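Chains as they are written, first to last, in my numbering: chain A, 1 to 167; chain B, 1001 to 1278.
Hints were generated in silico from the structure; no laboratory data involved. Remember, it's a predicted structure, so these values are computed and weren't measured experimentally.
Covered stretches of chain B (in silico footprint by chain A; criterion: 3 or more residues with CB under 8 Å from a CB of chain A, positions within the stretch not fixed): (1) 1002-1010; (2) 1043-1055; (3) 1097-1111.
Here are a few chain A residues that sit away from chain B, every Cβ distance over 12 Å (derived from the structure): (4) Ser22; (5) Gly40; (6) Asp94; (7) Arg126; (8) Ala152.
All residues carry an ideal CB built from backbone N, CA and C; glycine is no exception.
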Amino acid sequence: MSVLSRETLHVVTLQLNGQPRSGHAHPRLLLSDFLRHELGATGTHVGCEHGVCGACTVRIDGVAQRACMMLAVQADGRELQTVEGLADAGVLGDLQAAFKRHHALQCGFCTAGILMSCADWLGRVRDPSEVQVREMLSGHLCRCTGYTPIVAAVLDVARLRREAAHA
Amino acid sequence: MKPATFDYQRADSAEVAVAALAELGGDARILAGGQSLMAVLNMRLAQPKRLLDISRSTALAEVRIDAGWLHIGAAATQASVEWRPRLAQELPLLALAFPHISHFQIRNRGTVAGSIAHADPSAELPLCLLALEGEVLLRSSKRRRTLEAAAFFTGMLTTARSDDEMIEAVRFPLARPGTGHGFEEFSMRHGDFAVCAVAAVADAKRLRIAVAGVADQAVARDFPVLGGSALVDALNEFAWSLEARDEPQASAALRRRLVRELGRRAAEKALATRSDRT
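So that you can see chain B by itself, here it is in the shape it has in the complex (with noise of 0.2 Å):
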């Protein structure tokens, strides 16, 4: 399979690729690691007239720490993120799942804003964006604006991005002192979609949850701390409210159970692994 024509432009900065995109709109796609455009391009899913690469820009590839944020470039691929030496410190929800996105391969081209700008419903780096509560910094060659994860997802591989904007950077919030995290995910085989994979993050207040791979978006949900029955009651009023749906490779019970099972796994993990439970 080989993808149709299209026009390249290599943009090595965000004022070239808004530029193009002011012109151009959706007409214009921009091509980060490609690791889901270019399958997406190989299958004629999508036949944009001109790509705007950024993959070179060395401006748009920076991760840094902001101010209590994990900054990372638009073109700052999923292993420069991976590969940090305090990952676990610095954002432990991350940590956790990066083994369950695709394959090492994959990781050290694929972008961190890539996969949030493709927005699959099973994909992990949307589930931990939303479930940390996360930062879209969008820009277009009128304007900047940062949108929260839950307003930026808006349903199955669709996003709140307007046609002359591009992603400049994402930010997750540095795990603060305390708080536990888990995470557990289903799939056909490693590295596949997940079926169902589940984020939780738990302070001594609250349980937030989130799932990906049901609902045509990843679903949060905010909850007291609960255990036992209640967590299971929770859970299971949660799954519910998912509307999962009949696929062939899984049915809407199988998902729902999934919901239910690996939703208790990932939250008492979350539970567990909070330092100053009391």
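Next comes chain A alone, as it looks inside the complex (with noise of 0.2 Å):
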């Protein structure tokens, strides 16, 4: 398979909440970097670019993932939903309204991040507990809220989602 040179700019194409879209990018570029500067989807947050924080974290192929720890090029034909997808319309989703809500945002920098983990989450633990949502979270690093609100959020979603199902 062919080399990237590390000199040369490289089309990258992907489809962006369901948008194809398409950049350049040298092989060092991160994911994170492209989505904000190349596509100007800055609602993807950078923090820690290590992996800590969570607030770069988007989901590709649905796969709830740290757009720092990965390269623009590894993106290429592959599916990413970030934080901007989440509202229909102009209408805000089901999370968005949860954490809303409960005021589980202050200064909002982490919750693009925590959003995207849990939209992927919530698909596959329908009936969590406090203690699994924590875990959950504990990917993710919020300095304003103390979590609570947070949690009680992810939790409302989730029995509303099962009470929808039921309805």
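Assembling the complex is the task here: the two chains are given apart, and the hints tell you how they should meet.
Right, here's the structure in full:
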């Protein structure tokens, strides 16, 4: 397979929240920087750039992952979901609405990443305990809330989705 | 922090990867999940000339049961093993250890083989591979060889892998009936690297205890089945033999104390969960 040279800009084409997008990247460009600087999708935030803080978490082919621990060239041909895709025609998605209702954010820097983790995880764990939610959230640092309202919002969404499924 | 420059090559098969390693040796690095390597690159602790990306190889992502082993390909994510419906029966020790390994979001992309290749002395997967006497399958363009965990790990972040070799797969022996397991860890925060982690495996005749986070690599020791003060004495001697060092986050005395306490808890759980104990 061909080698992408460090000196050259390469075309990266992906699906971003259902829309085909493309941009240019040197091999060393992080996916987080590609999203923000090349595609202008600044909803994804950048914190620590070594996988600890969770601010840059996005979904790649549905799976929540750190955009700072992946190269833009690795995302070629993949389907990405970022926080910009959660609201439908200006109406907050259920996760976003629950975060607003429970005051689960203050400055909002960590929120985009947390929402993308929850979007993946709640699809797999439909009836989570508080302990499980806290374990999942351990991959995100929030310095405003103390986490309690975030946990409440996540549990509330899980409950509402179960009720909707049974209605 | 951004990585230094490198060339990038997608290697969708082991053949492509080992051909590049034969040409470039230590100037090339395998990029699997990248959950250790990308952090190292971002901090410029490593500056390879070329990355060989195996993350999209379906052949290398295979996880299968093969003649009493769980065979885990080099590109298989930790999540692909963690979410196996029967993991608690197949490899109870891994089921106990996974919740301690970093975070959900990291396990989604990080690979089992990548953590073993990185060989961090505090990491859980190298510890489990050593405790369970698993094996590492290495491949170069010229040969294949299989190393037991104890022969693979050689020190702090170092292994017996040659520069022209890649890990093609790792394999863990499936739990034998009657075997019991225990896993205990202390870290500063949930998901952080362990200050001390202990894995214990027990059957009717043997108690095997392995410790990570104290020496420059995980260390395992076999004991006869012990309990009470004999276990306490054995763990105390084991703790001192690891030659713990004083570091800002934990003193040597704390680490010895953790080996004694977590070791006792893990051993007692392993002994208590043997199903054929007499």
